[in-house]
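**Q** What follows is each chain in one-letter form.
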Amino acid sequence: MTDLTINPAVARKILTGWIRAEINRAGMQRAVVGLSGGLDSAMSCFLAAEALGPQNVLAVRMPYRTSSQDSLDDAQRVIDATGVQSATIEITPMAEPLLERFPDMTSLRRGNIMARMRMIVLYDQSAAFGGLVVGTGNKTEILLGYTTLYGDSACGLNPLGDLYKAQVRQLAAAMGVPESVRVKPPTADLWAGQTDEGELGFTYAEVDQLLYMLVDERATPEECVQAGYDEGFVRKVVDRIRRNHFKRVMPPIAKLSNRTVGYDFLYLRDWGT
Amino acid sequence: MKLTIGLSQINTVLGDVQANLEKHLEIAKQARSQGADLLVFPELSLTGYVLQDLVPTLAHRPNADDPVFRPLLAASQKIDMQVGFVEVDERRRFYIAAAYLSGGQVLHVHRKVYLPTYSMFDEGRFFAWGDSVRAFDTRFGRVGMLICEDFWHASPPYLLWLDGADIFLHMSASPGRGLNGSDRLESAAWVDHINAAYASLFTAFVAHANRVGYEDGLNFWGGSALYGPNGSLLVEGPMHEEALTLGEIDLTQLHHTRARLPLLRDERPGLVARELERILHSPNPNPGR
Chain A
1 MTDLTINPAV ARKILTGWIR AEINRAGMQR AVVGLSGGLD SAMSCFLAAE ALGPQNVLAV
61 RMPYRTSSQD SLDDAQRVID ATGVQSATIE ITPMAEPLLE RFPDMTSLRR GNIMARMRMI
121 VLYDQSAAFG GLVVGTGNKT EILLGYTTLY GDSACGLNPL GDLYKAQVRQ LAAAMGVPES
181 VRVKPPTADL WAGQTDEGEL GFTYAEVDQL LYMLVDERAT PEECVQAGYD EGFVRKVVDR
241 IRRNHFKRVM PPIAKLSNRT VGYDFLYLRD WGT
Chain B
1001 MKLTIGLSQI NTVLGDVQAN LEKHLEIAKQ ARSQGADLLV FPELSLTGYV LQDLVPTLAH
1061 RPNADDPVFR PLLAASQKID MQVGFVEVDE RRRFYIAAAY LSGGQVLHVH RKVYLPTYSM
1121 FDEGRFFAWG DSVRAFDTRF GRVGMLICED FWHASPPYLL WLDGADIFLH MSASPGRGLN
1181 GSDRLESAAW VDHINAAYAS LFTAFVAHAN RVGYEDGLNF WGGSALYGPN GSLLVEGPMH
1241 EEALTLGEID LTQLHHTRAR LPLLRDERPG LVARELERIL HSPNPNPGR
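In the order they appear, the protein sequences are chains A and B. The first sequence runs 1 to 273 under this note's numbering. The second sequence runs 1001 to 1289 under this note's numbering.
Just chain A, with the same shape it has in the complex (with noise of 0.2 angstroms):
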């Protein structure tokens, strides 16, 4: 069994001191999270508090109709637990002419603009309240692919995406995320009954270990299955990898002269910050 555990103090200080400096590179003293009810934009929200302090942090609920009560009221235990702004901006307004131009869509296509019109909305407030899109990505989902592009995958920077979802949970215990929001089962809540582990076929504890064997220890699919995994779990896991490489880059640029963005024409965001 891979040790998955960290250190939160650790964590927690490079993390919060990361959030508070990068915003104020980027001239700004706020920070605007999407908060879903779930464990990652929980997180997210807590370290945005604590790294900018709660007046500076505004936590946008953004239920659809079919969005369930439990997920709003763990929100909102997140809000009072943090002391952050709160907004609730409901999407079914601005989503269901789409939906209804298409009434034979696909779950995936309808997840998709759910989570792009919350991109919208987060944007949008990150231009009123003069605050940062802080992600929730944790590094499980960002690997799997499992995110909308340009929905909630898009934020101006993202402090979960190098902890696996079991490293978050720690990370959420130590900093007193509420209990009811780390012990339910993670849902992109985009129909009732849907989880995360339902879709993707296997569990996070199964596919963190996994991960980490094939992502940070650079171990071969081959060493994976002898180690004990089974063949088509690692199979399925690597495909996804791949597959949803897309995700993870920016879009290519076709070059053409010699210097081209993206190639050579090379630095940090934070240059001359």
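Any given hint might turn out to be false.
[Said to hold, decoys possible] Which chain A residues stay away from chain B? Per the calculated CB distances, all over 12 angstroms, these:
(1) TRP18
(2) GLY161
(3) ASP216
[As the list claims (entries may be wrong)] Derived coverage of chain A by chain B (criterion: at least 3 residues anywhere in the stretch with Cβ under 8 angstroms from a Cβ of chain B; other residues may be distant):
(4) 1-15
(5) 266-272
[As the list claims (entries may be wrong)] Distance ranges between label pairs, derived from CB positions:
(6) GLY262(A) <-> ARG1093(B): 22 to 32 angstroms
(7) ARG1093(B) <-> HIS245(A): 50 to 60 angstroms
(8) SER1282(B) <-> HIS245(A): 37 to 47 angstroms
(9) GLU179(A) <-> TRP1190(B): 51 to 61 angstroms
(10) GLU1026(B) <-> GLU197(A): 48 to 58 angstroms
(11) ARG248(A) <-> TRP1190(B): 47 to 57 angstroms
(12) GLU1248(B) <-> PHE202(A): 52 to 62 angstroms
(13) ARG1093(B) <-> ASP80(A): 39 to 49 angstroms
(14) GLY198(A) <-> TRP1129(B): 51 to 61 angstroms
Keep in mind that the hints were calculated from the coordinates and are not lab data. Ideal Cβ placement from N, Cα and C applies to all residues, glycine included.
Following the hints, put chain B in place on chain A, whose structure we already have.
**A** Quick look at chain B alone, frame taken from chain A:
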């Protein structure tokens, strides 16, 4: 002889030499007022670390005609200083460099000889490789300077030792990585481990100054430290926060430790040289197997 070493773990402004210079001068004043004799800054302390295409625009030459080194040399009248910068040579090659300034003079410049170009590092793409490892004399005795990856390899500290260095000044811009259950990142634990080892193996003083702050997603962990000839930790800076950490060292400790443990006396560089010659000139010197 006693001296007080100041380990200055600073954050830097990425690509703004003037802003970083002002911070150096300010800390030099502060360190002097607190009784420091020698002030050690981190790697690329005048520029920031992930410079990429900024490199050619930030390069300087360490002499009194240079607008950045002129005030630093003036400040070195009051306190010895080791600073990190981008050096450009006469043929326009760029190096990650460290300069030792004392009494208004540049006593030595070290150009980083190992440029990590793997994993998150891309130094070899932007910089030329330094080509020498030399100790040099200061008013405190013989000193050697190394920059980060230089001392991840065992040979540069060993060469400095044989070249007479009793005080090792190590500077880093070490990105923190390897979060696990420990209260230290793996990268921090590793660097502490090897610096303590060099102090022990070479029965010498090792001062390590490491950066703090962030550049995009990278964090720099600080934790600057000073080790004595018995391998013991003398002082240590905080993790992830700017700090000026002072430690007094007593050079007579070299006498005591080496009387007890004559590793330097018994070292056999001639044997090393002979065996290296043999290894380098054997028919299959570096077999890939």
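**Q** If a hint holds in the structure, say so; if it does not, say that too.
**A** Against the structure, the hints:
1. Not every CB of chain B lies more than 12 angstroms from the CB of TRP18(A), the least distance being 5 angstroms, so the non-interface label is violated.
2. The claim that GLY161(A) lies off the interface is violated: its Cβ sits roughly 8 angstroms from the closest Cβ of chain B, which falls inside the 12 angstroms cut-off.
3. For ASP216(A), the condition that its CB be more than 12 angstroms from all CB atoms of chain B is violated, with the nearest at approximately 9 angstroms.
4. A count of 9 residues in the stretch 1-15 of chain A with a Cβ less than 8 angstroms from any Cβ of chain B is obtained; the coverage claim is therefore met, three being the minimum.
5. Only when three residues or more bring their CB closer than 8 angstroms to a CB of chain B does the claim for the stretch 266-272 of chain A stand; here the count is 7, and the claim holds.
6. Checked against the given bound of 22 to 32 angstroms, the beta carbons of GLY262(A) and ARG1093(B), roughly 26 angstroms apart, stay inside it.
7. The hinted range of 50 to 60 angstroms is not satisfied by ARG1093(B) and HIS245(A), whose Cβ atoms lie roughly 36 angstroms apart.
8. For the hinted restraint 37 to 47 angstroms between SER1282(B) and HIS245(A), the CB-CB distance of approximately 45 angstroms keeps it satisfied.
9. As the Cβ distance of GLU179(A) to TRP1190(B) is approximately 37 angstroms, the hint placing it in 51 to 61 angstroms is violated.
10. Separated by about 54 angstroms at the C-beta atoms, GLU1026(B) and GLU197(A) satisfy the suggested range of 48 to 58 angstroms.
11. Between ARG248(A) and TRP1190(B) the C-beta distance comes to about 28 angstroms, which lies outside the given range of 47 to 57 angstroms.
12. Evaluation of the 52 to 62 angstroms hint for GLU1248(B) and PHE202(A) yields a pass: the beta carbon distance comes to about 58 angstroms.
13. Here the CB-CB span from ARG1093(B) to ASP80(A) is close to 60 angstroms, at odds with the stated 39 to 49 angstroms.
14. For the pair GLY198(A) and TRP1129(B), the beta carbons lie near 54 angstroms from each other, so the given range of 51 to 61 angstroms is met.
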